[in-house]
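Visitor: Build the full structure now, drawing on both the sequences and the hints.
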Amino acid sequence: MKKIIRGWVLVFIFYMSMGTVYGTNTEALMTEKAFINELLKVSKTGAVLLTGSDEILTREKAATLIVNYLGYEAIAKKQNNLFKDVTSSQGEISLVSQLGLMNGLGSGLFQPNGKVTVSQGSLIINRIKNKLETPITWKHAFYAIQSSSQKEWIKGYDAISFGWSQLERDANNNFIISTSNTENDFKVPVGFEGPIDLAKANGVETYLMVYFENKGMLAKSFLEDELQRASVINQLVSLSQGMTKDGVTRAFDGVTIDFEQFLSSDLKELYNIFIKELKSALQKEGKKLNVAVQPTLYFKGYDYKGIGEAADHIILMAHDYGAITLTEVERQAGITTTPLTPIKEVYDALYEAGLSISDKSKIALQFSFASLQWQSQNNQVINSRAYTPSYDKIEARLSLSGSMKHFDHYLQSTYATYEENGIQNIIWYEDINSIHSKIDLAKLMGITSVSYWRLGIIPEAFNPLR
Numbered sequence: 001m002k003k004i005i006r007g008w009v010l011v012f013i014f015y016m017s018m019g020t021v022y023g024t025n026t027e028a029l030m031t032e033k034a035f036i037n038e039l040l041k042v043s044k045t046g047a048v049l050l051t052g053s054d055e056i057l058t059r060e061k062a063a064t065l066i067v068n069y070l071g072y073e074a075i076a077k078k079q080n081n082l083f084k085d086v087t088s089s090q091g092e093i094s095l096v097s098q099l100g101l102m103n104g105l106g107s108g109l110f111q112p113n114g115k116v117t118v119s120q121g122s123l124i125i126n127r128i129k130n131k132l133e134t135p136i137t138w139k140h141a142f143y144a145i146q147s148s149s150q151k152e153w154i155k156g157y158d159a160i161s162f163g164w165s166q167l168e169r170d171a172n173n174n175f176i177i178s179t180s181n182t183e184n185d186f187k188v189p190v191g192f193e194g195p196i197d198l199a200k201a202n203g204v205e206t207y208l209m210v211y212f213e214n215k216g217m218l219a220k221s222f223l224e225d226e227l228q229r230a231s232v233i234n235q236l237v238s239l240s241q242g243m244t245k246d247g248v249t250r251a252f253d254g255v256t257i258d259f260e261q262f263l264s265s266d267l268k269e270l271y272n273i274f275i276k277e278l279k280s281a282l283q284k285e286g287k288k289l290n291v292a293v294q295p296t297l298y299f300k301g302y303d304y305k306g307i308g309e310a311a312d313h314i315i316l317m318a319h320d321y322g323a324i325t326l327t328e329v330e331r332q333a334g335i336t337t338t339p340l341t342p343i344k345e346v347y348d349a350l351y352e353a354g355l356s357i358s359d360k361s362k363i364a365l366q367f368s369f370a371s372l373q374w375q376s377q378n379n380q381v382i383n384s385r386a387y388t389p390s391y392d393k394i395e396a397r398l399s400l401s402g403s404m405k406h407f408d409h410y411l412q413s414t415y416a417t418y419e420e421n422g423i424q425n426i427i428w429y430e431d432i433n434s435i436h437s438k439i440d441l442a443k444l445m446g447i448t449s450v451s452y453w454r455l456g457i458i459p460e461a462f463n464p465l466r
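The UniProt record's numbering puts the first residue of the sequence shown at 1, with every later residue one more than the last.
Simulated from the structure, these hints should not be mistaken for lab results.
Bear in mind that the values here come from a model prediction, so they are computed numbers and not experimental data.
There may be inaccurate statements among the hints.
List of simulated lysine-lysine pairs, DSBU-like, C-alpha gap at most 30 Å [to be verified]:
hint, residue 1, residue 2
1, 131, 33
2, 78, 268
3, 41, 131
4, 393, 344
5, 215, 288
6, 129, 405
7, 41, 405
8, 220, 300
9, 151, 139
10, 77, 129
Guide: So, in structure tokens, the structure goes:
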């Protein structure tokens, strides 16, 4: 009898080592290789190929494999440790927890050495898959500055903001909404009714975009003046109800505010007042409000929470991070790594927005199709200001022998290289890989709306009618 009991004890210990015991049922454990095989089936732009062993998968290893596969090492590197029992792979574990891909066990614990069962591994994989397969819920683009070449694309969006107005001062120092100043880019074009009619015929919402660039104390001067604010708000409401040019009048569904370069935090409260006043005035007329904002890491004058409470959509301009000029020291050092949308910075912007704005369906991640080109010789950069070739020129260059296209997995960013007349060239730009890798990140963070600046320069790969 004692021998029989001893045998059952050995069997029980064996099963305990192989799986998790739930009542009388024992579940098989997942190996690293099996987890990787399932992970590789998840479609992710910019993903990294992985290899693994037949060792049993731990929770810590699962977290690191996920981060490596997604290409988020740069994000994980800066994460704070969220768990008391985690002493290694802290950034990776914190990141997968923040993204909702793996959960802690409560009381500040993660159990990094805990073994992952097959069902637990499958659950983690399905979480990633379901988030990445979430469809885009709102697709927006700007129509401004030579956009007519892609006018037909309007039909493929949910909303279009027409960049035909600008906040400026007149000769009497009054703030006005200008729609016809020939000295700025944001003015109503001849035949403006064409793209508006096309949008309305296809159920696409139309917004009048008003642009403003803060210089010196200009924003504060405007925002502090109650009478000036009221005047501008009245002008915007009136224009949304009907804009007229050459005897033709068209109305908009609302207004998109694009006030940029709000560097100082003392603009926050004042800007909130303006946005809330404008929203109230527009709402009374059945009009909507979108607000474009820049990342608060650099631009402290935006209160995401306050703006998010008032606006129908918040367009997050998390782009154009790359330096456009280099110092003499940087040129001599041969620095040419200037990605437009490095994954860590985009994550930071999305995280701050998601933390502040309770309704994530309001947040739209925006992309801009810019470029930065540097030329080097003898390991030193020649140009102190980046060249900005068009995407047509970049594609033409890539079609030539000796030109190469690259994807930096750490930065999740695209660049091209070529040599000409002994000069090395590197061009940072956006392509389907760099854009979709950021869309995937946004989806993992619960943000499923996108915006594009601007029609007229958007590459064919992003044609919404395809």
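Visitor: Please flag the earlier hints that this structure goes against, numbers listed from lowest up.
Guide: Those not satisfied: there are none.
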